[in-house]
Amino acid sequence: DTGVSQDPRHKITKRGQNVTFRCDPISEHNRLYWYRQTLGQGPEFLTYFQNEAQLEKSRLLSDRFSAERPKGSFSTLEIQRTEQGDSAMYLCASSPAGIYEQYFGPGTRLTVT
Amino acid sequence: EDQVTQSPEALRLQEGESSSLNCSYTVSGLRGLFWYRQDPGKGPEFLFTLYSAGEEKEKERLKATLTKKESFLHITAPKPEDSATYLCAVPPNYGGSQGNLIFGKGTKLSVKP
Chain A
80 DTGVSQDPRH
90 KITKRGQNVT
100 FRCDPISEHN
110 RLYWYRQTLG
120 QGPEFLTYFQ
130 NEAQLEKSRL
140 LSDRFSAERP
150 KGSFSTLEIQ
160 RTEQGDSAMY
170 LCASSPAGIY
180 EQYFGPGTRL
190 TVT
Chain B
37 EDQVTQSPEA
47 LRLQEGESSS
57 LNCSYTVSGL
67 RGLFWYRQDP
77 GKGPEFLFTL
87 YSAGEEKEKE
97 RLKATLTKKE
107 SFLHITAPKP
117 EDSATYLCAV
127 PPNYGGSQGN
137 LIFGKGTKLS
147 VKP
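Just so you know, the sequences run in chain order A and B.
Residue 131 in this note's numbering sits at position 52 of the first sequence; the count goes up by one each step and never skips.
Residue 144 in this note's numbering sits at position 108 of the second sequence; the count goes up by one each step and never skips.
Heads up, a few of these hints could be off.
SDA-like mimics (lysine to any residue), calculated; alpha carbons at most 25 Å apart, straight line [what the hints assert, rightly or not]:
| no. | chain 1 | residue 1 | chain 2 | residue 2 |
| --- | --- | --- | --- | --- |
| 1 | B | 141 | A | 123 |
| 2 | B | 78 | A | 103 |
| 3 | B | 148 | A | 120 |
| 4 | B | 95 | B | 115 |
| 5 | B | 141 | A | 84 |
| 6 | B | 141 | A | 189 |
Just so you know, the hints here were simulated from the structure itself, not pulled from any lab data.
Just so you know, these numbers come straight off a predicted model, no measurement behind them.
Take the sequences, apply the hints, and build the full model.
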């Protein structure tokens, strides 16, 4: 059984560029979550999906951020016109519906220069 | 506002020196409290779920307990490999939320041989 996977693991980009991250959840999990974590802080919720439906978005998710989960399988998180404040670890997690225990991937470390 | 507060921020122990980490929360109608371990540069690893006051869970040298307003993570005779950041999290208590988690900032544990 494979866990949650994320790609890429590291991304360095210049301010103003667009970036896209991918998350593959545990296969039998129909909920998928995105979090952001900065140094010395706990993960902060961004958004989550149940199957292909995006059910909740945090106020942290500005209009430069968009997430999709086509066909209820993998998910992508895109950040447009990146800013230095977007530098963080982006974490993906998954869980079965109705279960709060979330299983996290290794994260994607984004550095905006 | 729902909050999770962890203390201490950092804890240094000698190998074999037992101690406890604290997680206090302000959410009412608790729907579970979750402990995670996070190694540097990696995603959080799920440890325990606690649902009701008085509940205890154990795993190797770790034991988690829960009261009405806080949880403790007891570490008995720790080893250097227990060094990590320990995070606790709760689901928020507002209508409509289906499962995102509010995390504390974590306790960074260092165990010296």
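Results of checking the hints against the structure:
As the CA atoms of residue 141 of chain B and residue 123 of chain A are separated by approximately 10 Å, the hinted pair is consistent with the 25 Å bound. At most 25 Å may separate the alpha-carbon atoms for a hinted pair to count; residue 78 of chain B and residue 103 of chain A meet this at roughly 16 Å. Among the hinted pairs, residue 148 of chain B with residue 120 of chain A is consistent with the structure: their alpha-carbon atoms are about 24 Å apart, no more than 25 Å. As the CA atoms of residue 95 of chain B and residue 115 of chain B are separated by approximately 14 Å, the hinted pair is consistent with the 25 Å bound.
Among the hinted pairs, residue 141 of chain B with residue 84 of chain A is consistent with the structure: their alpha-carbon atoms are about 24 Å apart, no more than 25 Å. At most 25 Å may separate the alpha-carbon atoms for a hinted pair to count; residue 141 of chain B and residue 189 of chain A meet this at roughly 20 Å.
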